[in-house]
Amino acid sequence: MSDYVTLREPYAARRQQSDADFLGMYVFLATEAMLFGALMCLTFMYRAEHPQASALAARQMQLWIGAANTGILLTSSLFVALGVQAAREGGRRMTAGMLGAAMALGVLFLALKGAEYGLDYKDGLMPVVGHPSPVREGPAGLFIDLYFIATALHALHMAIGLAVLGTTAALVLRGAKQLPQQAVVVEMSGLYWHFVDVVWVFLFPLFYLARG
Amino acid sequence: MSRQTLTLVGVWAALMALLAITVGATFGPFGAWKPAINLAVAFCKAGLIFWVFMHLREQRGVARVIALAFLLWLSILMGLTLADVLSR
Amino acid sequence: MNAPPLQTREERVSYLGAGHSLRSWLLTTDHKRIAILYLVAITIFFAIAAVGAALIRLQLMSPAGEILSHEGYNRAFTLHGVVMVWFFLIPSIPNTFGNFLIPLMIGAKDLAFPRLNLASWYIFVIGGIVTLYALIAGGVDTGWTFYTPLSTMFANGHVLAVITGITIAGFSSILTGLNFIVTVHKLRAPGMTWGRLPLFVWSHYATSVILVLATPVLAMTLVLLGAERALHLGVFDPTIGGDPLLFQHLFWFYSHPAVYIMILPAMGVVSELVTAGARKRVFGYWFVACASLAIAGVGFLVWGHHMFVSGQSPYAGAIFSFLSLAVAVPSAVKVYNWTATLYKGEVVLDPPLLYGMAFVGLFTIGGLSGLMLALLAIDEHVHDTYFVVAHFHYIMVGGAVSGFLGAAHFWWPKITGRMYPLVWGRISAGLIFLGFNLTFFPQYLLGYLGMPRRYPTYPPQFQALNVLSSAGASVLFVAYVLPLAYFTWSLRNGRAAGPNPWDASGLEWTTPSPPPKHNFDETPVVDRPAYDYPLTRAAPDE
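Protein chains in written order, with the working numbering: chain A, 5 to 216; chain B, 15 to 102; chain C, 136 to 677.
For the record, the hints were derived by calculation from the structure and aren't laboratory data. Check before you lean on any hint, since a few could be wrong.
If you want the ones that stay clear, here's a sample from chain A, every Cβ over 12 Å from chain C, calculated [what the hints assert, rightly or not]:
#1 P14
#2 D23
#3 T35
#4 A37
#5 M49
#6 A57
#7 I69
#8 G75
#9 E93
#10 R97
#11 Y121
#12 H135
#13 S137
#14 P143
#15 L166
#16 R215
Capping the alpha-carbon separation at 35 Å, the derived lysine-lysine pairs in DSBU-like fashion look like this [as the list claims (entries may be wrong)]:
#17 C:K652 x C:K244
#18 C:K415 x C:K652
#19 B:K48 x A:K117
#20 C:K479 x C:K415
#21 C:K479 x C:K652
#22 B:K48 x A:K126
If you anchor each label on the Cβ, the simulated ranges turn out as follows [what the hints assert, rightly or not]:
#23 B:G38 x C:C425: 29 to 39 Å
#24 A:A174 x C:L557: 25 to 35 Å
#25 A:L123 x B:W65: 30 to 40 Å
#26 C:T374 x A:R18: 32 to 42 Å
#27 B:W65 x C:P449: 49 to 59 Å
#28 A:A17 x C:V148: 24 to 34 Å
#29 B:W65 x A:A174: 54 to 64 Å
#30 A:R18 x B:W65: 50 to 60 Å
#31 A:A180 x C:R158: 47 to 57 Å
Ideal Cβ positions, reconstructed from N, Cα and C, are used throughout, including at glycine.
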């Protein structure tokens, strides 16, 4: 029986290679954490400098869409975790199925986000376009700007995450990646998705729940 | 359901409960405590996701340190910047 | 004596001989070739940034300054700063010598992610092209620090293009750091414990931690700057409640650790140069190794010393001042340990050691002025004067560039298989030392006397010192061209170097010069400590 795991240059052992892959992914996620973390710190500073304006701005946001999206994303993480478990057990279809379910929820998240942006536009919250509402004056407008930057950047990462999950699911389903020998590919994709979820877990209270 | 699946679903249930708590707390009479509660809940959720979903509980020390080191660095950024912002 | 052949037998079987097409270079995943790709790129960027420096020094030869307009002067020093910092200093040692040597030093065949390594070079080049386009199309006048609200609301010029180029190049940094960290954790040869790693590797590990944790914050800062400038999202706009100081906090949270990205690799080089030059084990190995980590760690705690007069609270200023004094301690530990390593060593004054000693002296002077600047009371007066300019040039040019050139003079024979004429190496080291001090020491005096930085004109009483500085700069330019000349000459005419021309300790010296594509014929097994002097194995014939 041939070993489906190809050892890449310069590795000498499978364990060494998969350890390196994990470490590499954690280091990469650390960089993403610093990226979003910097934005979150900035937002936190503004909440500290302008508490009332931030609360006012937060009250304009669509709390229930945000909460629903949080629930959706947490559930998608469950499916990804189940997918990784299936990958470790060698179940090709189960893995692809779980990843597919997670992706469906991810698409739902983005759809709701789009609808939410539509509502924000109607309320005059969007920068640059639309008729600005009086809420956008001063520090409240600043808080709203940060909300858009943060959620847009997060949505971009979600889109990347969807592409990653989709590619992984396709590779697994086609047999290009053998399970469970190459489950590490599913694990890596899973780590990325979970991380994007963690970012949202912090963005949600930072913005939506600042309403005071 | 296998034991692992049960664990995963259990974690999911805990995450949803925490979500309910954090949204509920926003409407409750907690006043100045709300940001602290929300932050604490966020850390709990993130912790569960890291520990169980991201398999950090299976990893060795080095990987755990690398996975969580960013927390220290973000605290440095926050802490020292706050030292300026709050004392101006 | 017969002239050396155009391509020696060693070169033919080495990584240099493994494919001659452009494709084999541009699609390589060999860390050694990628190192050379980086070397070419950063040399070009150094030359471009040097043009900026030349314009500055020409302008400052006379008090009324007739070479450039005021706006032109702003763009010249911005070009100089931006290109030097992000496109020369940050990648210089890690992406050339780090890339080339780390796998060799730890006994590995390549870095952990070779394709990511190549990707990071392409990302770097793309970032460079975008930035260069912007700078040549007219440039930017904000200084390399892009302070708001000047950069967001009032600056003319291609701010968006330049910060886009820098952000792109930043991703290259991040990927390099990621690669190095995983490589050092996972690819050490059997027996190569952490305690046997060359200090060069420790320094690069510490540098990589900074690269990975600090650079994303810069990326976010520049994104916010761009959003404000392009979309008028007033993140730092004081008229709507924004806080320009928060820009500075975020910017310096990256940019102060960035200076440690620029100096730590050079310190790692110096550890190698001094031990090889004195043929002696380093004094206090663990102190030096941990000092690298301490510099990286504490370096994240001091950024507010760039903001003492910005409006930052005096309370925060005092904290940052104290921490800035603390960060000098591990650097000092290194200087003491290198000096102690030289003591009673079998010192041979070959060019690598000369550059290493230049580093120690010039870095110490720069570091002492850094201690002065760390003190709130002094910085109050010399902030934004030439005192600061002199300080960081002593560290960056006297230190980091000396380290870079020292590395070049030490590992050139390993990289190319050819030796350069040592006499010329010594001459260039001396000329650089002389030219450097002539350029930058007067700037300490100028700053202390009150001459501000980033000004295109100055009061006439400062002219003498400025002329001295500009004269020194012209010596420096000649001195930098010299190594370019004899290194190029050596590629065809230098004698074959052999595996270990310096008789130095380290795994990289156990493999042929230039190394074969896979570095080692057999994976080395390490059972001796680092800096294993006196070497117990027979010296190779030269």
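Results for each hint:
no., hint, result
1, P14, "3 Å, violated"
2, D23, "6 Å, violated"
3, T35, "5 Å, violated"
4, A37, "8 Å, violated"
5, M49, "6 Å, violated"
6, A57, "7 Å, violated"
7, I69, "22 Å, holds"
8, G75, "28 Å, holds"
9, E93, "26 Å, holds"
10, R97, "30 Å, holds"
11, Y121, "15 Å, holds"
12, H135, "16 Å, holds"
13, S137, "15 Å, holds"
14, P143, "3 Å, violated"
15, L166, "21 Å, holds"
16, R215, "18 Å, holds"
17, C:K652 x C:K244, "8 Å, holds"
18, C:K415 x C:K652, "31 Å, holds"
19, B:K48 x A:K117, "25 Å, holds"
20, C:K479 x C:K415, "9 Å, holds"
21, C:K479 x C:K652, "39 Å, violated"
22, B:K48 x A:K126, "29 Å, holds"
23, B:G38 x C:C425: 29 to 39 Å, "48 Å, violated"
24, A:A174 x C:L557: 25 to 35 Å, "59 Å, violated"
25, A:L123 x B:W65: 30 to 40 Å, "36 Å, holds"
26, C:T374 x A:R18: 32 to 42 Å, "60 Å, violated"
27, B:W65 x C:P449: 49 to 59 Å, "42 Å, violated"
28, A:A17 x C:V148: 24 to 34 Å, "28 Å, holds"
29, B:W65 x A:A174: 54 to 64 Å, "30 Å, violated"
30, A:R18 x B:W65: 50 to 60 Å, "25 Å, violated"
31, A:A180 x C:R158: 47 to 57 Å, "27 Å, violated"
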